[in-house]
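Protein sequence lines correspond, in order, to chains A and B.
Our numbering puts the first residue of the first sequence at 1, with every later residue one more than the last.
Our numbering puts the first residue of the second sequence at 459, with every later residue one more than the last.
These aren't lab readings, by the way, just hints derived from the structure by calculation.
Model, not experiment: these values are computed from the prediction.
It is possible that part of the hints are untrue.
Unchecked claim - Below 35 Å or equal to it, Euclidean Cα-Cα: the simulated DSBU-like pairs (lysine-lysine) are:
id	chain 1	residue 1	chain 2	residue 2
1	A	Lys-443	B	Lys-708
2	B	Lys-691	B	Lys-620
3	B	Lys-620	A	Lys-301
4	A	Lys-362	B	Lys-610
5	A	Lys-363	B	Lys-620
6	B	Lys-610	B	Lys-477
7	B	Lys-620	B	Lys-690
8	B	Lys-620	A	Lys-7
9	A	Lys-447	A	Lys-363
10	A	Lys-301	B	Lys-610
11	A	Lys-7	B	Lys-691
12	A	Lys-194	A	Lys-106
13	A	Lys-7	A	Lys-443
14	A	Lys-447	B	Lys-845
15	B	Lys-845	A	Lys-301
16	B	Lys-708	A	Lys-362
17	B	Lys-478	B	Lys-690
18	B	Lys-845	A	Lys-443
19	A	Lys-106	A	Lys-38
20	A	Lys-7	A	Lys-362
Listed here are the chains, written in short residue letters.
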Amino acid sequence: MEIRGNKIITEPLVNPEQTYADVNADVCKPLESFPTKKWWVCFLIASGSLLIGSALATDMFRRGLGVLGLNQPVGWGVFITNFVFWIGIGHAGTLISAILFLFRQKWRTAINRSAEAMTIFAVMTAGLFPVIHTGRPWYAFWLFPYPNQRELWVNFRSPLVWDVFAVSTYFTISLLFWYVGLVPDIASVRDRCKNQIRKFIYTVLSLGWRGEARHWNHYEMAYLLLAALSTPLVLSVHSIVSFDFAVSILPGWHTTIFPPYFVAGAIFSGFAMVVTLLVIAREVFNLKNYITLYHMENMNKIMLLTGMLVGYAYLMELFIAWYSGNPYERFIFANRVGGPFAWSYWIMMTCNVIVPQIFWVKKWRRSIPIMFVASLLINIGMWFERFTIIVTSLHRDFLPSSWDYYIPTRYDWGITLGSFGFFFTFFLIFCRILPTIAMFEVKAIMKFGKKEYGELGD
Amino acid sequence: MTDTPLHNLTRFEGSRLFKKFLTVLLVIGIGFFAWEMTQNAHRAWANFLINYFYWLSIALFGLFFAALQHITGSHWSVTVRRVAESFIAYLPVSLGLFVVLLFGLPHLYEWTHPHVMETDPILKLKTGYLNTPFFIIRHAGLYILCFVLGGKLVQNSLRQDKENNAHLTVANSRLSAPFLLLFAILYTLAAVDLMMSLAPHWFSTIFGVYCWAGLMYSGLAMLALWVIVLRKKGILSDWVSENHLHDIGKLMFAFLVFWGYIAFSQYMLIWYANLPEETPYLILRTQGPYQPISLALMLGKFVIPFFLLVSRPAKRNQGWLAFCALWFLIAQWLDVYWMVIPAFFEKPVFGMVEIGIFLGFGALFLWSVGTFLRRVNAVAIHDPRIKSALHHHQ
Chain A
1 MEIRGNKIIT
11 EPLVNPEQTY
21 ADVNADVCKP
31 LESFPTKKWW
41 VCFLIASGSL
51 LIGSALATDM
61 FRRGLGVLGL
71 NQPVGWGVFI
81 TNFVFWIGIG
91 HAGTLISAIL
101 FLFRQKWRTA
111 INRSAEAMTI
121 FAVMTAGLFP
131 VIHTGRPWYA
141 FWLFPYPNQR
151 ELWVNFRSPL
161 VWDVFAVSTY
171 FTISLLFWYV
181 GLVPDIASVR
191 DRCKNQIRKF
201 IYTVLSLGWR
211 GEARHWNHYE
221 MAYLLLAALS
231 TPLVLSVHSI
241 VSFDFAVSIL
251 PGWHTTIFPP
261 YFVAGAIFSG
271 FAMVVTLLVI
281 AREVFNLKNY
291 ITLYHMENMN
301 KIMLLTGMLV
311 GYAYLMELFI
321 AWYSGNPYER
331 FIFANRVGGP
341 FAWSYWIMMT
351 CNVIVPQIFW
361 VKKWRRSIPI
371 MFVASLLINI
381 GMWFERFTII
391 VTSLHRDFLP
401 SSWDYYIPTR
411 YDWGITLGSF
421 GFFFTFFLIF
431 CRILPTIAMF
441 EVKAIMKFGK
451 KEYGELGD
Chain B
459 MTDTPLHNLT
469 RFEGSRLFKK
479 FLTVLLVIGI
489 GFFAWEMTQN
499 AHRAWANFLI
509 NYFYWLSIAL
519 FGLFFAALQH
529 ITGSHWSVTV
539 RRVAESFIAY
549 LPVSLGLFVV
559 LLFGLPHLYE
569 WTHPHVMETD
579 PILKLKTGYL
589 NTPFFIIRHA
599 GLYILCFVLG
609 GKLVQNSLRQ
619 DKENNAHLTV
629 ANSRLSAPFL
639 LLFAILYTLA
649 AVDLMMSLAP
659 HWFSTIFGVY
669 CWAGLMYSGL
679 AMLALWVIVL
689 RKKGILSDWV
699 SENHLHDIGK
709 LMFAFLVFWG
719 YIAFSQYMLI
729 WYANLPEETP
739 YLILRTQGPY
749 QPISLALMLG
759 KFVIPFFLLV
769 SRPAKRNQGW
779 LAFCALWFLI
789 AQWLDVYWMV
799 IPAFFEKPVF
809 GMVEIGIFLG
819 FGALFLWSVG
829 TFLRRVNAVA
839 IHDPRIKSAL
849 HHHQ
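One chain only, chain A, in its complex shape (with noise of 0.2 Å):
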């Protein structure tokens, strides 16, 4: 904040020299040229990555469960890991475009569309873990409840039941609000084309949009009522993620601070995912312009505050394990923090709540070297925070003999990276063929040629 007088002046969101035709030129020329060496890197990378996943999951199909690392009592291991991770993952967009878009932050306007891109990957990528988990995933559609001539149906008293719906309520509503914002953006890149059959993909795309009063008032409205119904949505669908846990009895499970704790902890890697692809995006694209250091700011004041919130909960469930009096509740936090898998306790306490705090110091917070370590520990951090919570209230079950430890196979980790693949994969299609900023939003807060109050005298 720098002070004149009386008055803070804050930072401009956009580069204060760009006209509303840099905007145009600059966001569409990764669609309009041909991809350059390093994307081709990139994609390679992913798609491999996304090919050796398949290719294990393929095997693993053949050959049943037993490749996994799981086994008594370890019975969800890093698939069930992966799907909260990913889900978590794709938390930031919608905070970023509805709950920022209630709370009129403008700075939401130059990330919201790769953010929400993010998302929907993200939960697609989520989406397959429970599915080739079964083991079976050709009767992936048990999943659903629906009349059959068995008349079995699923437990509706299962969270596991509210997930899929949860999770495909949150898939869908997301999906449609990205494309309803997209639309506008989708007309001003079939206005630029000059290739015909692009500029027919380009055309039904964009649903006839024209830009007219009356187009921008719906527009305005859809968008306004998407954004009320999606901000239930990013609370709910971590909140019954964490409810697969916290209905059962096992303690380090059981804990009623779970939803929001699990909702806090998703925004946390979301946004620290966010930070790390768009510190490559806006270096590989060209987007300097547009997505400032302000915004990397904003977003590592986010994670500042939620990789808090989370460190709140780890306290909290330590203090209350302690309090609670109960010897099973104890035991479990003892031998999370000492026990065989103290290593994956402290990588979490270490990135989640530790590292977070450099963003404390103002210059730490805009340097992009810092910035994107943190967000890669933080990462890591969040996917060992779900590893800890799986593994550690497991393999020390109630029956001492059975215990164990767990040591997940090359299926587990080579089907997580062809996770990583899978989402790089559409992320990195998604750059070359929608705007990865939302132009219309980002011109209607530019102050080229506009003075707003507090300005005012200057």
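Starting from the known structure of chain A, fit chain B onto it as the hints suggest.
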């Protein structure tokens, strides 16, 4: 003073009749408390605790809200922030009441009795936390935080009225971060100490968040009520428009839903798992004589006000918003009642004692905030963001 708004800001002045009215309420409160002490000391202290926690939370909301607005750099809220800051005036009174509460500890908390702690195998394990000296230290910590950091926050804001210095806003946004961080910890502990330890065997990790949701719920309602009163008196009528009321209303609605979410999370998870160490707390409250209270809480704190406040006109109409705010305040009282009373009585108790003691505490709150506002401007007139707050549209 070119960049101050053209308006003259008058000071708040409670009418004589109102002051007399508050005095009467206070006397009623003290009278009922004293009388009930001779009849049923448990009931007297239980009511004292309900109101102590209830009004303390509202006062703490004031600081929390001010800090939150500073740290987020909000523009819209500048015109109503001072009203929230004025809630700090109740905290010294509350500290006095805390000293009184200490005399009631043996009546309220099982864990204050050494023989209980020694004989109960589970409580024995908690002695390190549940003991009177540590209880006082933890609670004193909350007051120290509020008086030191919170006091500085309000002081800077008041200084700005005279000095017209934007640096004070920056200073406050820096102060707000450690304040909020420590507040989260200390308020959680206060919730555990004052409310959760009434049932010393019971535990719930979400409990601090649950109480904080109630703090926001009732605090925003109290803020709305004060703002509307000051508008009616003409003090804030040029400063606070429907758009500001709309924003307060939106926040009230948001925290209504948030409370519903947290309450559902706590209830559903305990109900579903049905563990003997957790579930008695809810069985006591949701089955048997207390069932109507639980139902009233669900309907009165969530379902009905949801529909009262969901529409846009409801949040922009001053009279309707004031009605909703009163509703919220009563609903929050019921929530604290729901947490406290079942710990002491087999059946719900409600009568003049409950009302009288509530009114007595309320009188103290209104008196302290009113006195504060009589001495200071009701708006942070030189806040650098005041202009943009005055032109807040939506």
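Now the hints, each set against the structure:
Straight-line distance between C-alpha atoms of Lys-443 (chain A) and Lys-708 (chain B) comes to about 28 Å, which keeps the hinted pair within the 35 Å bound. For the proposed pair Lys-691 (chain B) and Lys-620 (chain B), the alpha carbon gap of about 24 Å is at most 35 Å, so the pair holds. For the proposed pair Lys-620 (chain B) and Lys-301 (chain A), the alpha carbon gap of about 32 Å is at most 35 Å, so the pair holds. For a cut-off of 35 Å, the pair hint linking Lys-362 (chain A) to Lys-610 (chain B) stands: about 23 Å separates their Cα positions.
The suggested pairing of Lys-363 (chain A) with Lys-620 (chain B) holds, with an alpha-carbon distance near 33 Å, which does not exceed 35 Å. About 29 Å separates the Cα atoms of Lys-610 (chain B) and Lys-477 (chain B), which keeps this hinted pair within 35 Å; it holds. For the hint pairing Lys-620 (chain B) with Lys-690 (chain B), the CA-to-CA distance comes to about 26 Å; that is within 35 Å, so the pair holds. Of the supplied pair hints, the one linking Lys-620 (chain B) and Lys-7 (chain A) holds, its CA atoms being roughly 16 Å apart against a limit of 35 Å.
Between Lys-447 (chain A) and Lys-363 (chain A) the CA atoms are separated by roughly 26 Å; this keeps the pair inside 35 Å, and the hint holds. Our distance criterion of 35 Å between C-alpha atoms is met by Lys-301 (chain A) and Lys-610 (chain B), whose separation comes to about 24 Å. For the suggested pair Lys-7 (chain A) and Lys-691 (chain B), the alpha carbons sit about 31 Å apart, so the restraint of at most 35 Å is met. Restraint check for Lys-194 (chain A) and Lys-106 (chain A): the C-alpha separation of about 33 Å stays at or below 35 Å, so the hint holds.
Our distance criterion of 35 Å between C-alpha atoms is met by Lys-7 (chain A) and Lys-443 (chain A), whose separation comes to about 25 Å. Pair hint Lys-447 (chain A) plus Lys-845 (chain B) holds up; C-alpha atoms about 19 Å apart against a cutoff of 35 Å. Simply put, Lys-845 (chain B) and Lys-301 (chain A) have alpha-carbon atoms about 26 Å apart, close enough for the 35 Å limit, and the pair holds. Using a Cα cut-off of 35 Å, the hinted pair Lys-708 (chain B) and Lys-362 (chain A) holds, with the two alpha carbons roughly 32 Å apart.
Distance check on the hinted pair: Lys-478 (chain B) and Lys-690 (chain B) sit about 20 Å apart at the alpha-carbon level, within 35 Å; holds. The straight-line distance between the Cα atoms of Lys-845 (chain B) and Lys-443 (chain A) is roughly 25 Å, inside the 35 Å bound, and the hint therefore holds. The straight-line distance between the Cα atoms of Lys-106 (chain A) and Lys-38 (chain A) is roughly 31 Å, inside the 35 Å bound, and the hint therefore holds. A hinted pair counts as satisfied when its Cα atoms are at most 35 Å apart, and Lys-7 (chain A) with Lys-362 (chain A) qualifies at roughly 20 Å.
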